[in-house]
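Relying on the hints, combine the two individually framed chains into one complex.
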Amino acid sequence: MSDVNARIDAEVKNNDVVLFMKGTPQFPMCGFSGQVVQILSYIGVPFTGVNVLEDQEIREGIKAYSNWPTIPQLYVKGEFIGGCDITREMFQSGELQQLFEEKGIAVKQAS
Amino acid sequence: MAMDAHEIERMIKAALPDAAVEIRDLAGDGDHYAATVTSAAFKGKTRVQQHQMVYAALQGNMGGVLHALALTTAVPQD
Numbered sequence: 001m002s003d004v005n006a007r008i009d010a011e012v013k014n015n016d017v018v019l020f021m022k023g024t025p026q027f028p029m030c031g032f033s034g035q036v037v038q039i040l041s042y043i044g045v046p047f048t049g050v051n052v053l054e055d056q057e058i059r060e061g062i063k064a065y066s067n068w069p070t071i072p073q074l075y076v077k078g079e080f081i082g083g084c085d086i087t088r089e090m091f092q093s094g095e096l097q098q099l100f101e102e103k104g105i106a107v108k109q110a111s
Numbered sequence: 112m113a114m115d116a117h118e119i120e121r122m123i124k125a126a127l128p129d130a131a132v133e134i135r136d137l138a139g140d141g142d143h144y145a146a147t148v149t150s151a152a153f154k155g156k157t158r159v160q161q162h163q164m165v166y167a168a169l170q171g172n173m174g175g176v177l178h179a180l181a182l183t184t185a186v187p188q189d
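Protein chains in written order, with our numbering: chain A, 1 to 111; chain R, 112 to 189.
Only chain R is shown next, with the shape it has when bound in the complex (with noise of 0.2 Å):
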């Protein structure tokens, strides 16, 4: 089981719409992957939260069918 980059890009945008997305493929297995998320709604959260907002955009499939996700959030330069 894994997931394609777009797929996980599709599901940030749909949580996240002016979010700028930007995906890594790690290990080409579908289950490792790094992605950068820049987005105006992380602006005043901690990282945790920022993380934790990204991670709910993706529904339940982080830790499970998506084991591995290297992520690294953003708030836009103004």
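Just chain A, with the same shape it has in the complex (with noise of 0.2 Å):
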């Protein structure tokens, strides 16, 4: 497995929610990685934000390993959810909110 591969793999496999992302969570770059930290900051489910401006191997990488050809990206105990149509989608609908309670993954619900 490539380099970058390899640092993905680990990326997605060692931390629950994962969102390849342009900027972070603090300061998204692109409307689109946007949107989706705020629909994970409203479910209030803690995730990790990789930016892939700071990392150009990373950002064509995601592309290869997901056969996805855009950013951001979601990924739920190392599987690739979608990008910000379908995790927009899936949260509008409850699938979402119910995905991480099938996985176990503690949500703080926003009040």
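Rather than coming from a laboratory, the hints here were simulated on the basis of the structure.
Ideal Cβ positions, reconstructed from N, Cα and C, are used throughout, including at glycine.
Be aware that one or more of the hints could be misleading.
[Said to hold, decoys possible] Now the in silico label distances, taken between C-beta atoms and shown as ranges: (1) A:S93 - R:A152: 21 to 29 Å; (2) A:L53 - R:A181: 19 to 27 Å; (3) R:A116 - A:D9: 35 to 43 Å; (4) R:T147 - A:A10: 34 to 42 Å; (5) R:D140 - A:E102: 36 to 44 Å; (6) A:E60 - R:K156: 20 to 28 Å; (7) A:A10 - R:V176: 28 to 36 Å; (8) R:A151 - A:E79: 34 to 42 Å; (9) R:D136 - A:S93: 25 to 33 Å; (10) A:E102 - R:A167: 23 to 31 Å; (11) R:A181 - A:Q56: 20 to 28 Å; (12) R:E118 - A:V107: 40 to 48 Å; (13) R:R135 - A:R7: 32 to 40 Å; (14) R:D189 - A:E57: 30 to 38 Å.
Rendered as structure tokens:
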């Protein structure tokens, strides 16, 4: 496995919820990344943000890793969930909250 | 660099001949579109797989020439 793939693999396997994004959770640098950060923050699930803008190798490697051409990319327990559209669709239908429950990931439901 | 809506529709239909494709230009810059694609080929596929089928139809333009495509996929009601 190439170096970048191993690095990505470690990231998604060692963290329950990982968001490969442009910018950081505190300062998203792209509307789509920002939308997913808002959804995860609203649900109140802790997550790891990986800023692809700081690492060109990961920025390209992640697209091959998941066979998905764009950023952001959300991973839960090592599984690729989707980009901004799918995450939003799942959030609106309640599937995202259900997924966290099924995977045993604690969420602090926003009041 | 940008793509126009007809080009996107043509490419999707070339790969998914039965697809119904509806495209809205979000920003008027040829770079930000919303598309709804309905095809029987999506039946039994996860959302990620359905979207990957559409991205494959766009032959690498997605994420490059075409910066943003807000995509919704659906299976036709029987």
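> How does the Cβ-Cβ distance of S93 of chain A and A152 of chain R compare with 21 to 29 Å: does it lie in that range?
Replying inline: holds (22 Å)
> Is it true that the C-beta distance of L53 of chain A to A181 of chain R lies inside 19 to 27 Å, as the hint says?
Replying inline: holds (21 Å)
> CB of A116 of chain R to CB of D9 of chain A, is that within 35 to 43 Å?
Replying inline: holds (38 Å)
>> Within 34 to 42 Å: is that where the Cβ-Cβ distance between T147 of chain R and A10 of chain A falls?
In response: This hint holds: roughly 37 Å between Cβ atoms.
>> Tell me if the beta carbons of E118 of chain R and V107 of chain A are separated by a distance inside 40 to 48 Å.
In response: holds (42 Å)
> Between E60 of chain A and K156 of chain R, is the Cβ distance one that fits in 20 to 28 Å?
Replying inline: holds (26 Å)
>> Between the beta carbons of D136 of chain R and S93 of chain A, is the distance compatible with 25 to 33 Å?
In response: Because 26 Å falls inside the window, the suggested range holds.
>> Taking 28 to 36 Å as the stated bounds, is the beta-carbon spacing between A10 of chain A and V176 of chain R within them?
In response: Cβ of A10 of chain A to Cβ of V176 of chain R: about 32 Å, so the range 28 to 36 Å holds.
> CB of R135 of chain R to CB of R7 of chain A, is that within 32 to 40 Å?
Replying inline: Holds - the Cβ-Cβ distance for R135 of chain R and R7 of chain A, about 38 Å, lies within 32 to 40 Å.
> Using the C-beta atoms of D189 of chain R and E57 of chain A, is the stated range 30 to 38 Å upheld?
Replying inline: For E57 of chain A against D189 of chain R, whose Cβ atoms are near 46 Å apart, the range 30 to 38 Å is violated.
> Is the distance from the Cβ of D140 of chain R to the Cβ of E102 of chain A consistent with 36 to 44 Å?
Replying inline: Given a distance of about 40 Å, which is inside 36 to 44 Å, the answer is holds.
> Falls inside 20 to 28 Å, the C-beta gap from A181 of chain R to Q56 of chain A?
Replying inline: Holds, since A181 of chain R and Q56 of chain A (Cβ atoms, about 26 Å apart) stay within the stated range.
Violation of the numbered hints given earlier is confined to hints 8, 14; the remaining hints are satisfied by the structure.
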